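**Q** Spelled out from the first residue to the last, the chains are:
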Amino acid sequence: MSSNLIQWNAETKTRLNEKVAQNMADLGSLTRYIVRSSKSSELLSQAEKNFSYQENIIQNSSESLKKMMNIKNQLEFQQAAVVRSMSTIDDIQDILMTIQR
Amino acid sequence: MGSEQSSQPPAGAPGSSIKSQRDEDIPYTSFSISKPIDGEPMRHSPRNVGGRPRSSTKEGKDDTPKHKIVVVADGNVSPKDKDPELTKLEAIPVFYPIMRGSLNIPTSSRDPDILDKLDHQQILLLCIRYQEHLRQLSEAVAFDQNALCVRIKEIDCAINMLVKLMSDRQKKYHKYAEQFTRASETLTVLNRVKDSMDNIIPKMDRLNQLLPESDQLEPFSIYMNTPQTSTAPSK
Chain A
1 MSSNLIQWNA
11 ETKTRLNEKV
21 AQNMADLGSL
31 TRYIVRSSKS
41 SELLSQAEKN
51 FSYQENIIQN
61 SSESLKKMMN
71 IKNQLEFQQA
81 AVVRSMSTID
91 DIQDILMTIQ
101 R
Chain D
1001 MGSEQSSQPP
1011 AGAPGSSIKS
1021 QRDEDIPYTS
1031 FSISKPIDGE
1041 PMRHSPRNVG
1051 GRPRSSTKEG
1061 KDDTPKHKIV
1071 VVADGNVSPK
1081 DKDPELTKLE
1091 AIPVFYPIMR
1101 GSLNIPTSSR
1111 DPDILDKLDH
1121 QQILLLCIRY
1131 QEHLRQLSEA
1141 VAFDQNALCV
1151 RIKEIDCAIN
1161 MLVKLMSDRQ
1171 KKYHKYAEQF
1181 TRASETLTVL
1191 NRVKDSMDNI
1201 IPKMDRLNQL
1211 LPESDQLEPF
1221 SIYMNTPQTS
1231 TAPSK
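Listed in order, the protein sequences are those of chains A and D. Note that the numbering used here gives residue 84 to position 84 of the first sequence, counting from 1, and the numbers run on in steps of one. The numbering used here runs 1000 ahead of the 1-based position in the second sequence.
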């Protein structure tokens, strides 16, 4: 009789296992259906693709910003040169006046 | 009581392993105790026939000592080794399912809001609502990201325009700065010329004065109104 019990236990266990597995599979398929039919993943993947395109654009922007910084430095040099030559022109004009008396 | 002819003879009969204290003292015969109802002929039943199989389902007392406590039924015997899965199941804390009405049915002691059945229509509406929720969330996220993409493109456009402007201005100023430096160079050259002229003019005047008066030149001036006729002084 104990062997009978052991057999019964195995049978009920396997049946319970199957039932539980079936339930879980059904729940899984239900959630998968809900997620898929809401098209959330497609929308999100499209948004991600667009965002990844922006990566290139952002790279270009940063490089042009660096170029702008270089240009600003060169402009500063040129401005300093112009100021220097302005002062030399002033001095030279004074000397001219003294020479011409 | 006496109708069973199973392997377990009634108490007091010679084959049983259960004997009470009285059996030893009172000379009952098996026939008087266990009268078969169906009129079976008398069993030859001396007390100490040991041919019958002794039942082993119930624990008994020892045979030899007389005054012992008889165990009629088992106490709490520990069951066989429990199933490991059963022990795991019992280790889980007790919780109620969603439809509490599906457990057991004491009809009086139940709240009115314990469920028996689930309305499939409502469940469908719940799932649809959840689906809608997911869709709106993803739409909001996608919308925000697209807005960010547009802003990024605008900013990139603005940056490129600025860079172009600045490079144009830089080229223009480069040309101006070049012109300035050239102008300042010519001015320094002119300055040197003037200095050397300053050196020369007094010497020229002295030389002029050394000449005879008929050959003297006019006093030297920078501004040439009339073409000067210069005669080299002969030495």
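Mixed in with the good hints, there may be bad ones.
Claimed, not checked - DSS-like mimics (lysine-lysine), calculated; alpha carbons at most 27 Å apart, straight line:
#1 A/K66 x D/K1194
#2 A/K67 x D/K1164
#3 A/K72 x D/K1171
#4 A/K19 x D/K1088
#5 D/K1153 x A/K72
#6 D/K1172 x A/K66
#7 D/K1175 x A/K67
#8 D/K1117 x A/K19
#9 A/K72 x D/K1175
#10 A/K67 x D/K1066
#11 D/K1171 x A/K67
As the list claims (entries may be wrong) - Quick look at which bits of chain D chain A covers, simulated, 3 or more residues with Cβ under 8 Å:
#12 1089-1103
#13 1119-1127
#14 1210-1216
It is worth saying that the hints were derived from the structure and are not from the lab. On a predicted model such as this, the values are computed, not experimentally measured, just so you know. Every residue, glycine too, gets a C-beta built ideally from N, C-alpha and C.
**Q** For the pair supplied as a hint, A/K67 and D/K1066, confirm whether the alpha-carbon distance does not exceed 27 Å.
**A** Between A/K67 and D/K1066 the Cα gap is close to 115 Å, so the pair fails against 27 Å, i.e. violated.
**Q** Starting from A/K72, check that the Cα of D/K1171 is at most 27 Å away, please.
**A** 12 Å, holds
**Q** Compare the distance between the alpha carbons of D/K1117 and A/K19 with 27 Å, and conclude whether the hinted pair is satisfied.
**A** 19 Å, holds
**Q** Is it true that the CA of D/K1153 sits at most 27 Å from the CA of A/K72?
**A** 24 Å, holds
**Q** How does the stretch 1089-1103 of chain D fare against chain A when you require at least three residues with a CB closer than 8 Å, holds or violated?
**A** violated (count 0)
**Q** Between A/K72 and D/K1175, is the straight-line Cα distance small enough, at 27 Å or below?
**A** Holds, at roughly 16 Å.
**Q** Between the alpha carbons of A/K67 and D/K1164, is the straight-line distance 27 Å or under?
**A** 10 Å, holds
**Q** Given the hinted pair D/K1171 and A/K67, is their alpha-carbon gap at most 27 Å?
**A** 14 Å, holds
**Q** Counting residues of the stretch 1119-1127 of chain D with a beta carbon closer than 8 Å to any beta carbon of chain A, are there 3 or more?
**A** violated (count 1)
**Q** Taking 8 Å as the C-beta cutoff, is the stated coverage of the stretch 1210-1216 of chain D by chain A satisfied by three or more residues?
**A** violated (count 0)
**Q** Next pair to validate is A/K66 with D/K1194; report whether the Cα-Cα distance is within 27 Å.
**A** 48 Å, violated
**Q** Quick one, are D/K1175 and A/K67 close enough, alpha carbons at most 27 Å?
**A** Holds - the C-alpha atoms of A/K67 and D/K1175 are around 20 Å apart, at most 27 Å.
Violated hints for the displayed structure, listed by number in ascending order: 1, 10, 12, 13 and 14.
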